[in-house]
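Asks: Sequence:
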Amino acid sequence: MDDRAVFKDGTNASRRRGEDAVETMREKLEKTSIKALRALEAKDAEIARLRAELRARERREGATTAFERRRRARRGGEDEGEMSDEETFEDEGRYRNARRGRTSASASASGARVGQLERELEDERAVVIRLRRELREANGNAERLRESHEEAKKFALASEKHAGALTERMQRLVCARDERWSERENAADASERALSAPPPAPA
0 MDDRAVFKDG
10 TNASRRRGED
20 AVETMREKLE
30 KTSIKALRAL
40 EAKDAEIARL
50 RAELRARERR
60 EGATTAFERR
70 RRARRGGEDE
80 GEMSDEETFE
90 DEGRYRNARR
100 GRTSASASAS
110 GARVGQLERE
120 LEDERAVVIR
130 LRRELREANG
140 NAERLRESHE
150 EAKKFALASE
160 KHAGALTERM
170 QRLVCARDER
180 WSERENAADA
190 SERALSAPPP
200 APA
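Heads up, the sequence shown is in numbering that gives the first Met the number 0, so the first residue is 0 and it goes up one at a time.
It is possible that some hints are incorrect.
Under the rule of at most 25 Å between Cα atoms (straight-line distance), these lysine-lysine pairs were calculated in the BS3-like manner [to be verified]:
hint: 1; residue 1: K42; residue 2: K30
hint: 2; residue 1: K42; residue 2: K27
hint: 3; residue 1: K27; residue 2: K160
For the record, the hints were derived by calculation from the structure and aren't laboratory data.
Please build the complete structure, drawing on both the sequences and the hints.
Replies: The structure is reproduced here in structure tokens:
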């Protein structure tokens, strides 16, 4: 096997190793991207659930407030002449006390839950931002890796072409040198034969 064939085999082996490394890295990046996308979808679903729960709680709170306004409006329109002042006062007192207890407990629990949901929502948003950043970085790394691989392939092809030209030139020089040596050896042999030849007989 000549030098050119040896170089070509080495270049091909190096190229295959580079392509295998690129393929392995690409598969890893694809797995990372798929994992990040799935996690992102899960977080989006969690955010949608939290928002839906917040909206439902807001609607319930709004409905309760509207109901109390309507109840007060109805009570304001009733003919309170049928009730004594004492009965009216006692009824209003019982209503206020009961409502105060329910409202205080409900508001406290609702406020705590809403605060918890808002904190969870912010945490999920932070996770989503991080996942999107990781996904962009993975895609960017994959693109840079692809570009580097393309540049490496171009460089390898150019190097192979240049090495092939150098090998051919070296082979031509070697052939020319061998020819010159052969010519010198032939000339030396001819001179030696001429010197060792017997002198011609006198006429």
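Asks: Against this structure, judge whether each hint is valid.
Replies: Each hint, compared with the structure:
Among the hinted pairs, K42 with K30 is consistent with the structure: their alpha-carbon atoms are about 18 Å apart, no more than 25 Å. Taking the CA atoms of K42 and K27, the gap is about 22 Å. The hint holds against a cut of 25 Å. For the given pair, K27 sits about 33 Å from K160 by alpha-carbon distance, which is inconsistent with the 25 Å threshold.
Violated hints amount to a single one, hint 3; each of the other numbered hints is respected by the structure.
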